[in-house]
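As given, the protein sequences belong to chains A and B, one line each in that order. Start counting the first sequence at 1; every next residue gets the next number (the numbering used here). Start counting the second sequence at 1; every next residue gets the next number (the numbering used here).
Please note that the accuracy of each hint is not assured.
Have a look at the derived ranges for each label pair, beta carbon to beta carbon [to be verified]:
| hint | chain 1 | residue 1 | chain 2 | residue 2 | range |
| --- | --- | --- | --- | --- | --- |
| 1 | A | 222 | B | 35 | 51 to 57 Å |
| 2 | B | 74 | A | 175 | 52 to 58 Å |
| 3 | B | 59 | A | 75 | 42 to 48 Å |
| 4 | A | 158 | B | 73 | 26 to 32 Å |
| 5 | A | 72 | B | 35 | 49 to 55 Å |
| 6 | A | 174 | B | 275 | 16 to 22 Å |
| 7 | B | 205 | A | 72 | 53 to 59 Å |
| 8 | A | 227 | B | 194 | 37 to 43 Å |
| 9 | B | 275 | A | 300 | 44 to 50 Å |
| 10 | B | 275 | A | 72 | 20 to 26 Å |
Worth flagging that the hints you see were computed from the coordinates, not collected in a lab. Beta carbons are placed, not taken as given, at the ideal position from N, Cα and C, and that holds for glycine.
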Amino acid sequence: MSTNLAGQLAKVSAPRETARAARVSSDPSKHIFLLPAVILILLFSLFPLFFSLVLAFLSWDLSRLTGGVRFIGLENFVTLVNDARFWNTARVTLTFVVGAVSLEYLVGLGVALLLNQDVRFRRFFRVVFLMPMMLTPAAVAYAGRMLFNEGQGPINHIIKLLGGPQVPWFSNPSLALPSLILVDTWEWTPFMMIVLLAGLQSLPPEVYEAARVDGANDWQIFRHITFPMLAPVSVTVILIRALEAFKLFDIVTVMTGGGPGTATEPVTLYAYLVGMKNGNLGYASAIAYSLLVMVIISSTLFLRLVRQRAVQAAE
Amino acid sequence: MQVTMRQTRRIKLGITYLLLAIWTIICLFPIYWLVITSVKLPVAVFQGPTYFPWIDFQPTLNAWKYLLVGPMQNQVVRSWLNSAVMAPTSAALAVALGSLAGYALTRFNYLVPVLKWRNNDIAFWIISQRMLPPVVVILPYLIMYRVLGLVDTHAGMILIYMVFNLPFAVWIMRDFFANLPRDLEESALIDGASRLQAFRLIVLPLSSPGLIATFLFCMMFSWNDYLFALMLTFSRATTMPMFVAGAGSQSYGPQWWFLSALSLLTIAPMIVIALLIERYITRGLIVGAIK
Numbered sequence: 001m002s003t004n005l006a007g008q009l010a011k012v013s014a015p016r017e018t019a020r021a022a023r024v025s026s027d028p029s030k031h032i033f034l035l036p037a038v039i040l041i042l043l044f045s046l047f048p049l050f051f052s053l054v055l056a057f058l059s060w061d062l063s064r065l066t067g068g069v070r071f072i073g074l075e076n077f078v079t080l081v082n083d084a085r086f087w088n089t090a091r092v093t094l095t096f097v098v099g100a101v102s103l104e105y106l107v108g109l110g111v112a113l114l115l116n117q118d119v120r121f122r123r124f125f126r127v128v129f130l131m132p133m134m135l136t137p138a139a140v141a142y143a144g145r146m147l148f149n150e151g152q153g154p155i156n157h158i159i160k161l162l163g164g165p166q167v168p169w170f171s172n173p174s175l176a177l178p179s180l181i182l183v184d185t186w187e188w189t190p191f192m193m194i195v196l197l198a199g200l201q202s203l204p205p206e207v208y209e210a211a212r213v214d215g216a217n218d219w220q221i222f223r224h225i226t227f228p229m230l231a232p233v234s235v236t237v238i239l240i241r242a243l244e245a246f247k248l249f250d251i252v253t254v255m256t257g258g259g260p261g262t263a264t265e266p267v268t269l270y271a272y273l274v275g276m277k278n279g280n281l282g283y284a285s286a287i288a289y290s291l292l293v294m295v296i297i298s299s300t301l302f303l304r305l306v307r308q309r310a311v312q313a314a315e
Numbered sequence: 001m002q003v004t005m006r007q008t009r010r011i012k013l014g015i016t017y018l019l020l021a022i023w024t025i026i027c028l029f030p031i032y033w034l035v036i037t038s039v040k041l042p043v044a045v046f047q048g049p050t051y052f053p054w055i056d057f058q059p060t061l062n063a064w065k066y067l068l069v070g071p072m073q074n075q076v077v078r079s080w081l082n083s084a085v086m087a088p089t090s091a092a093l094a095v096a097l098g099s100l101a102g103y104a105l106t107r108f109n110y111l112v113p114v115l116k117w118r119n120n121d122i123a124f125w126i127i128s129q130r131m132l133p134p135v136v137v138i139l140p141y142l143i144m145y146r147v148l149g150l151v152d153t154h155a156g157m158i159l160i161y162m163v164f165n166l167p168f169a170v171w172i173m174r175d176f177f178a179n180l181p182r183d184l185e186e187s188a189l190i191d192g193a194s195r196l197q198a199f200r201l202i203v204l205p206l207s208s209p210g211l212i213a214t215f216l217f218c219m220m221f222s223w224n225d226y227l228f229a230l231m232l233t234f235s236r237a238t239t240m241p242m243f244v245a246g247a248g249s250q251s252y253g254p255q256w257w258f259l260s261a262l263s264l265l266t267i268a269p270m271i272v273i274a275l276l277i278e279r280y281i282t283r284g285l286i287v288g289a290i291k
């Protein structure tokens, strides 16, 4: 499925030499090394991928006693196109991905810039800043629900002490998704931070010294040197994080269950509900497949946009 | 002039530390909140937020007793042990197969017939499996597992977690082996050792930092999973995240006092892993693989 995508990723990130040192290539044991992993991955990816594509063309409804399994052609996809609830889940997923990844990138870059300076206790800060991404999302979601709890939560309490209004974080449909984005940002900013920090540390110091000698201020250095030089790492990290964000399931299931109403229901949760709760396997597969299409289209568009920008900048 | 320059630098440094302190509080406060809520009485939780034990509320071990020696004991112990067995086992298997494949991709030349793929194409195909949203393949897994009788078994969960982690393990170990000096294994090969012997006796011992780091990451992914456990288990092989996620659906509202303790039991091993793993990230292992 995503070899095209992988190829594009390969072009954006630096290509790596691996074949160079492969001198003993006729050794027959080479298949013993590689095949177990490849066969398992094939078995658990290509076969299910094909299987669920087939499912998407079937009527297979566990909740109906009669009918059994029937081939119905494109009927599931016709239903999908006319399903307002599906289009809402697509909107929720895309809003979530764009919102969460942008916020995580901005905060992650900010924290990385702070840590890239000559500060003390750097090790301590790294451990603490890394912590959130290691923690189980289902548990993080509970912590989020408590913290944002409208009556008993500390966040509203502190806002009240500062004289602010009581924010209906989860009961207001238009605030529920931003609240989810905040919780996801808490959990995943560390990933952005740690990769961007490593990127910052690998930039050559001579350029900075030259800019300082020329009298550039901090903002100019960031705007014209750091940020452009960090671009390849930024593109990679944003893409990786976006691909993960499309999988959003744990946090939303535990925090809002898709509510209020369907205001925070992502495609993943809808597919799960249709497949598992309603037992409509065919339609659930069609929904799930549409997510895959969304992932591939958005990442391709993103990479194309980045490439265009890079070409423009070079000209 | 000199003085003002030094002053601006001190102000800048002060702002840096202030922002770092704020982010530290943001990172730690949710964990702190779980800890203090887990030692509150049910009534105390519903009376509104309190912040400091012994100062604005009286701590109690009520929730912990309820979970560890009370009515929930069986479920808690079973789910925790399930996770504690399945996560490391699947991680170890993923690292074993992943390091074999990762090593192979840096030392041998492959050419996939028909597709004309070489080593780099194979590696990108493997890592691209991580892009696939699990929800797309979860229904076929369920049907496959029903047929094979693997639903709600430890073996089935270990298998799925291993395969799920395999692309990551291959990718990281491939990067690690690419940067490993080859003199030692090559002299062993000249002395008549087979590839497998050279791999097992020379390459693996040299790679223990990479192996440990990859193991810890795979274990974290397996431990934290919720979707696979939700779809493929229901009682015998349920995991801790699955148990936690289901524990909040009481008809009389979520019971934060014991949910907090339960969440802490879930994340405790991950906090330990975070402390262990920081060293390896410092070495640039993960970042090297991403670049």
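Quiz item: Is the gap between the beta carbons of residue 59/B and residue 75/A within 42 to 48 Å?
Solution: With Cβ atoms ~60 Å apart, the hint is violated.
Quiz prompt | 44 to 50 Å as the expected CB spacing between residue 300/A and residue 275/B, which holds or is violated | solution = About 39 Å separates the Cβ atoms of residue 275/B and residue 300/A, which means 44 to 50 Å is violated.
Quiz item: Taking 51 to 57 Å as the hint, is the beta-carbon distance of residue 222/A and residue 35/B inside that range?
Solution: Hint violated: Cβ distance 38 Å, outside 51 to 57 Å.
Quiz item: Does the hinted range 52 to 58 Å hold for residue 74/B and residue 175/A at CB?
Solution: violated, 40 Å
Practice problem: Hint says 20 to 26 Å; check whether the CB-CB distance for residue 275/B and residue 72/A agrees. | Solution: Violated: the Cβ-Cβ distance is about 54 Å, outside 20 to 26 Å.
Quiz item: Is it true that residue 205/B and residue 72/A lie within 53 to 59 Å of each other by Cβ?
Solution: holds, 58 Å
Quiz item: Do residue 227/A and residue 194/B keep their Cβ atoms within the hinted range of 37 to 43 Å?
Solution: 51 Å Cβ-Cβ, so the 37 to 43 Å window is violated.
Quiz item: If you check the beta carbons of residue 158/A and residue 73/B, does the distance land in 26 to 32 Å?
Solution: violated, 36 Å
Quiz item: So the hint says 16 to 22 Å: do the beta-carbon atoms of residue 174/A and residue 275/B match that?
Solution: violated, 39 Å
Quiz item: Is it true that the C-beta distance of residue 72/A to residue 35/B lies inside 49 to 55 Å, as the hint says?
Solution: Holds: the Cβ-Cβ distance is about 54 Å, inside 49 to 55 Å.
Consistency note: the structure conflicts with the earlier hints numbered 1, 2, 3, 4, 6, 8, 9 and 10.
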